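Kindly produce the complete structure, drawing on both the sequences and the hints.
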Amino acid sequence: MTKALRKSAKSFGCLFVLNWDTLLFFGATAVAMGGWAYLITM
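Positions 570 to 611 (the numbering used here) are the ones given, in order, by the sequence shown.
Treat the hints with care, as some may be off.
In silico SDA-like links for lysine to any residue, alpha-carbon gap of 25 Å or less [to be verified]:
1. Lys572 with Leu587
2. Lys576 with Val586
3. Lys572 with Cys583
4. Lys579 with Trp589
5. Lys576 with Thr591
Just so you know, these hints were derived from the structure itself, not from any lab. Treat the numbers as computed from the prediction; the structure is a model and nothing was measured.
So, in structure tokens, the structure goes:
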């Protein structure tokens with residue numbers, strides 16, 4: 570029971586880290602695109 574719980578928690582942690590990395594990348598891309606659009610419209 571404890572071993573299975575630890576394994577699932579570990580996989581969930583890896584999944585969260587991967588998703589966090591992806592969200593951070595998309596967030597940075599969105600900010601960069603917004604900045605370019607702002608500079609172009611100035």
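Tested hints:
1. Lys572 with Leu587: holds (23 Å)
2. Lys576 with Val586: holds (15 Å)
3. Lys572 with Cys583: With a Cα-Cα distance of about 17 Å, the restraint between Lys572 and Cys583 holds, given a limit of 25 Å.
4. Lys579 with Trp589: holds (15 Å)
5. Lys576 with Thr591: holds (23 Å)
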